[in-house]
Each structure stands twice: as C-alpha cells, then as structure tokens.
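Going down the list, the protein sequences come from chains U and A. Those letters in the first sequence? Residues 0 to 328, per numbering that gives the first Met the number 0, in order. Those letters in the second sequence? Residues 0 to 431, per numbering that gives the first Met the number 0, in order.
Calculated directly from the structure, the hints in this document are not laboratory data. Among these hints, one or two may not hold up.
Unchecked claim - Some but not every residue of chain A turned toward chain U, in silico, with C-beta under 7 Å:
(1) ALA57
(2) PHE191
(3) PHE192
(4) ALA249
(5) LEU252
(6) MET403
(7) LEU409
(8) ILE413
(9) LEU416
We put the CB at the ideal spot given by N, CA and C, even for glycine.
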Amino acid sequence: MDWTLIFSRAVEAGIGSEAIIYALAAIGLNVQFGYTGLLNFGQAGFLAIGAYAIAVTVATFGLPFFLGVGIGLLLAAVMALLLGIPTLRLRADYLAIVTIAAAEIVRLVVRSVALSDTFGGTDGLQAFSGSFYDMNPYPPGEYGIPPIIGFDNRSMWVLTVGWVLVAIASFILFMAMKSPWGRVLKAIREDEDAVRSLGKNVFSYKMQALVIGGVIGSLGGFIFALSRSAVQPDLYSTDLTFYAYTVLILGGAARILGPIVGSMVFWLLLIFIGTGLENAVNSGAITFITVNQVGAIRLMLVGLGLMLLLIYRPQGIFGDKREISIDAR
Amino acid sequence: MRRAVIAFTAFMGGLIFVFLAGASTAWAAEGEEVRGTLRIQGQPVAGVKITVATDADAPVGEATTGADGTWKVAVDKAGSYKVTLDQATLPAGKALRDPNRGTLTVQVFEGNARNVLFGLVDANAPPQGQQGDGGGGSSYWTRVAQLVFEGLNLGLIIALGAVGLSLIFGTTGLTNFAHGELLTIGAFLAFFFNTVLGLHLLIAAPIALVIAAGFGWGQDRFFWGQLRRRKTGLISMMIISIGLALFLRALLLFLFGGGGESYDQYVAQAGIQIGPISATPKSLVAMGIEIVVLIAVGLALTYTRLGKATRAVADNPALASSSGINVDRVIRLVWASGTCIAALAGILLGTTQNLNFQMGQQILLLMFAGVTLGGLGTAFGALVGSLVVGMFVQVSTLWIPPEMKTIGALVVLIIVLMVRPQGILGRRERIG
Numbered sequence: 000m001d002w003t004l005i006f007s008r009a010v011e012a013g014i015g016s017e018a019i020i021y022a023l024a025a026i027g028l029n030v031q032f033g034y035t036g037l038l039n040f041g042q043a044g045f046l047a048i049g050a051y052a053i054a055v056t057v058a059t060f061g062l063p064f065f066l067g068v069g070i071g072l073l074l075a076a077v078m079a080l081l082l083g084i085p086t087l088r089l090r091a092d093y094l095a096i097v098t099i100a101a102a103e104i105v106r107l108v109v110r111s112v113a114l115s116d117t118f119g120g121t122d123g124l125q126a127f128s129g130s131f132y133d134m135n136p137y138p139p140g141e142y143g144i145p146p147i148i149g150f151d152n153r154s155m156w157v158l159t160v161g162w163v164l165v166a167i168a169s170f171i172l173f174m175a176m177k178s179p180w181g182r183v184l185k186a187i188r189e190d191e192d193a194v195r196s197l198g199k200n201v202f203s204y205k206m207q208a209l210v211i212g213g214v215i216g217s218l219g220g221f222i223f224a225l226s227r228s229a230v231q232p233d234l235y236s237t238d239l240t241f242y243a244y245t246v247l248i249l250g251g252a253a254r255i256l257g258p259i260v261g262s263m264v265f266w267l268l269l270i271f272i273g274t275g276l277e278n279a280v281n282s283g284a285i286t287f288i289t290v291n292q293v294g295a296i297r298l299m300l301v302g303l304g305l306m307l308l309l310i311y312r313p314q315g316i317f318g319d320k321r322e323i324s325i326d327a328r
Numbered sequence: 000m001r002r003a004v005i006a007f008t009a010f011m012g013g014l015i016f017v018f019l020a021g022a023s024t025a026w027a028a029e030g031e032e033v034r035g036t037l038r039i040q041g042q043p044v045a046g047v048k049i050t051v052a053t054d055a056d057a058p059v060g061e062a063t064t065g066a067d068g069t070w071k072v073a074v075d076k077a078g079s080y081k082v083t084l085d086q087a088t089l090p091a092g093k094a095l096r097d098p099n100r101g102t103l104t105v106q107v108f109e110g111n112a113r114n115v116l117f118g119l120v121d122a123n124a125p126p127q128g129q130q131g132d133g134g135g136g137s138s139y140w141t142r143v144a145q146l147v148f149e150g151l152n153l154g155l156i157i158a159l160g161a162v163g164l165s166l167i168f169g170t171t172g173l174t175n176f177a178h179g180e181l182l183t184i185g186a187f188l189a190f191f192f193n194t195v196l197g198l199h200l201l202i203a204a205p206i207a208l209v210i211a212a213g214f215g216w217g218q219d220r221f222f223w224g225q226l227r228r229r230k231t232g233l234i235s236m237m238i239i240s241i242g243l244a245l246f247l248r249a250l251l252l253f254l255f256g257g258g259g260e261s262y263d264q265y266v267a268q269a270g271i272q273i274g275p276i277s278a279t280p281k282s283l284v285a286m287g288i289e290i291v292v293l294i295a296v297g298l299a300l301t302y303t304r305l306g307k308a309t310r311a312v313a314d315n316p317a318l319a320s321s322s323g324i325n326v327d328r329v330i331r332l333v334w335a336s337g338t339c340i341a342a343l344a345g346i347l348l349g350t351t352q353n354l355n356f357q358m359g360q361q362i363l364l365l366m367f368a369g370v371t372l373g374g375l376g377t378a379f380g381a382l383v384g385s386l387v388v389g390m391f392v393q394v395s396t397l398w399i400p401p402e403m404k405t406i407g408a409l410v411v412l413i414i415v416l417m418v419r420p421q422g423i424l425g426r427r428e429r430i431g
C-alpha cells in the first residue's frame, strides 16, 4: 500500500479542478435549490453550455477566447429563461423533469453525428485552450508541498482562476443573500403565497434565481473545459447534476460555504477511497474485486451517501435543519 | 425505523456478495485497445479482417472478427489510430453502409478501450438514410408503416414502465427516479437465471418477475414506507430516489460489467413480412404480452376491489383511509405490481436490444415524458402518453436523423407543459 500516493491523490483532488468544477456547479444549485427552493435537475446542461461555448467559438470558428466566455454566459442566461418561462408557475417536480430533459437535449445535440462538424460528435473538441494558457503567469515547473501536493504550472493557472471565480461567486452571493433581495428568495422558499400576498412578483424572483444559478454553473463549465483542454459530451450527463446535488447537500444547502466545503470533502473522500481500493487491489491486499470494479464501488458510495445524508442529516455539514425546505410545493 | 433502513442497506450490500463470484469475469479490457462488434441487423458477422495503424500509417495490429462478431486490437499507448475494415473480406451480400467510411480515425484515451462501429447493410437492400426527401411512392409509405409499427413496439414498452411509475406517483406522490433501474434489474435477474444458471428464458423470466415483485414489495416495506412514516418530504424522497438509482446502477455495473449482454435464447431471428411491415416473431410475441398485460392492468384498476381501492388512495389517501381502506397495504401492492410490470418491460426490452446497466436509465426520460404527457398520476393517461411518445420517437426519424429522435420527444414534452400542463387526460387541479 502506497499511502503517500493515496493521500497525495486525495488532497490534490480536494483542492484540484474537480473540486472547483463541482463547487461552482453546487453554488449555482445553492441559489436555485438552497435559497429559492427550485429543483433544477439540469445543471449539467448549463456546464455543457459554458464548456462548449468556449470550445466551439475558438476551435470551430477560430474567434477570440473571451468572446467564447461572453457567449457562454449569455447562452446560459438564455437557456434559464427558456426553461423558466413554461415551468416556474407549475409545481416543483415539473421544473425537475423539464430541466433534466433540457440537459439531455443539450448533450444529445452536441454529441450528434449530424452536427459533428460544429461540436465534434462523441469525441468532442480539442485545441481551444491555447490563449487561456498563454496568459499563464506561472513559469514552467512543479509547485506545491512535496511529497503530498504537486501541480504543474498549467494546473496552477487553472486552480488560481478557478478558486478566484469560486471566491467571487461566493462573495457576491454572500452580499446578495444579506440584502432584501436575498430575503425575498428565502421567503419564497418558505411560503410562496405569503410572499405573493406582500405584492412581490414571485415569478420574476424565481426567474432571477434560475438565471443566476445557471450562469454560475456555466462558470464551472468553463473550468471543466479549460482544465482538460478538451470537451466531451458524455461528461455532461445527468450524473454530473446528481453529484453536484450530493456535494451541495453534503456541505449544507442555503449556506455560503456549504458547496465549497462540500465539494472539497466529496472529492477528497471519493478519491481517497477510490485510490485506496485500487492500491489495495494492485498490491494484493484485496483479492475479491478487480481494479475496474473500483469505479463501480465509488459510484455506489455516492448513491448510498446521498440517500443516507438525506435520511439522517439533510442539513449536511453546515446547514440548519429548520431551514432546509426539502418539501413539496 | 432506523433499524429497517439499516436492514435495507445491509440487504443491498448482501446482494453484492451473493453475485460476487459471477461478476469477476465480466471485466475484460485493461489497458488501451480498440475493439468492436460487427453486426448486421443484430446478427454477428464473422471472418472480417480489421487492421489498426497509427496516425503515421505504422501498422499496430490486425484482428479477424470471431463467431460472435467481436474483434479487438491492443494498442500500446493512448493516441489517434486509423482503423480499417478490409471490405474484400466481408461475406457475400454484405457491404458497408457508407463505402467511404472503411477507414475510421479514432482517439484512444489513457487506460480506455475504444469501441469502433462499422455500419453494415445488405448490399442488395436499398441504402438507408436517403429516404428523407419526403417524396411519395410506395417505399415511403412502407417506411412510414414500418416506423409506426416500431413506434408501437417502443411505446408499449414505455407504457409498461410508465404505468408503474404513474401508479406509484399517484398513490404516494413520489417521483421515482429509480424506476428505470427497476427495468434494468428485471432484465438482469432474467439474465442471471438464463445464462448463469442455464434456465431457458421462458422459465427464467417468470422467476425474475416473482423476485422483482418481491423486491418492489420489500422496497416499500423496508424503505419507502419507513420514510413516509418519518414524514420525509416529497422533494427529499425524490432526491433519495436519485441516490437509490445511482446506487442500483453502480451495483449492476459492479456485478455485470459495462459491456452489452444478451440472453441465450431469442437473440437473432429472421424477420417475417406482414404486409408492408417486417418484424421478428419475438417482437410480435412481446407486443402481444405487453398488450395483454396493459389491458389486464386497466381492467384490474377499473373493476376489482383492489383496483378501485388503488384509485381511491390515489385520489385522496386520507379519505380512503377513513373509509376503511388499508392505505399502506394498497401502496405496498402498487409497489410490488409496479416493479413486476417494470421488470417485464426490462426483460422484453432485453430481447430486442443488448442488456446494459444503463438500459433503464436511457428510457426513464421517455417514461417521464409519457407520464407527463398523459397527466401526472393517472394510469390511463400514462398509457396513452407513452404510446404517443413511442410513436413520435420512431416516426420522427422520417425527418430527423435517428440519433436525434429522443430530442424530438423531449422537446414535445417541454412544449406540452407550456400549452397543457395537466397533460392529455389530467385534471386541472393536479398541477396546483
């Protein structure tokens, strides 16, 4: 058993690009689900839009990188508006089904053979992150605390940009949720009719929450695409959304730090268990499973974790049980 | 109550170890390779030579497809490879769908096996995918008839799944995201008895159905029923069902691997021609079973005491309870029968396509579309909605590429919600 490797992998995952991507996805969900009580099951679609906006703009059309960023943010907002208009007046589970369907539509469109000239089909797109890494201020080399943490200069640049985005999003959210606007959102979660009777336009507030959450999700998509220098359609399946929900509930919904800590803990544990099991299998300590089955065990643990969290500790690490409005409306 | 949830969890964990022995063989590929299965209309094609070369045309290896149509070539590192099918070695009467795509360039990723697909057609049959011009003529209407038939086939399978989904929603309010996995579990239970224990599918399937019904009953007795007693919120339960779906799917992946499997019997059948439609006998039998079961469910809901009780509970659980109906018992029976019907749908789906740990998940959204289209919580609405969805998915391939057919159904789902959110047969008040 190579414990240094196991710890190093786990810690790197806990502060690495996966943690950033899922933190951003979960911060978006936090606005929608945690604060406003909207069930967006299509967060993967928003990440896909962000990722593909950069990839298609740069790789397919050869346009500037920052134009791609702008298009991504714009498209995420437009998609939220399109989804919100038919469903925000209906019951919660309708929004869930429509958003999950919309995310699948996005994925099926970008992976289709008919449009593979634009989106690259199932192989996705590469070669679009050049101008992002050209801005890298870190000189080549290894950074970190040996022997546990070590990132190359490209990862350092992604991590810097990513955690700055997480910090900015969280700070804006922190200020917004303290404002009267944020209190209206929480009030909508608690009792929509009461808010309506006070003369607030509930539909408009819900729509704003949906758009803001979606746009934050697309930031996660940017990091997803740039950290891997590639986009592949099947990475944006509904499982991504459900992982983000697990992250959010683990950290604690309706808390600023919830998604961030949730994401770090989630990836730390997941990679620790995954690498640990792989190592144990390779070194012969565990003989009754194969290395390939470790992936399935990790998935099982996510599912089991999500179930047990909701049953025994719906408020997660930081949340307040009274504030978790996981009830039908 | 806690005890029961733990017991359920332990039961799931126990399942892992029960099947452990059979599972270890399921994982084939380690390291990078390109591989594939050559089939034409579900039949394997053997003896075809396939060569693999690097991007710079340096040969890497070659393979000949086996009796089951599979081939694989190991490559030593990730990268881009050219895979060439030697068209001269194809059996007589078979040809590539697109003769220009005999050489494919594929990307192999670190530690992954890459599947490569070659589309084959009967050389003397008309080429596929070029009838989309919408022109008249008898071949166009033959195609329409064929697609309507296939749509009916798909719609009936969706309906079997959707009826259970809708009944569970109606009686408990739970939007069950793990319903797709109930199909998959049914299919793989039958697979287990069929291929591992060697029983004929006609014997394996009923055994699988009985176990599935027991699983459904137990699921409510030890899990969902306990959560209801704890007054867990509906949204909470919905997310718990997602966790359960992730868990069950990963469990099936763990046990049976990620590749496609098939039953020992009824794998490949020659089609027979009925008027303009060509169909395999097994799909006709499957449709017959589906129709009989759906009619039986409909009659049971309408005329039997239990069916009436079910509808009463769906309508108003408190009122039903006060008029002497044992609500918990009704819900448990709904779970048992819903799971059993879903398992049947999974088995029948498994006879027409490969078994895969994602097969249920892949049609879950279509089931949701069917249920929503018909009106959430009404069993008959789910039936009608599913048939419409299945038909729409298949017939839409007249105008859009087949790979995009699901998109059409999902777009229609969203549009229907905008125009008539209560669905075709739903009542206005249900959308509250």
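Notebook entry, point to check: Which of the numbered hints are not met once you compare them with the structure shown?
Noted result: 1, 2 and 3
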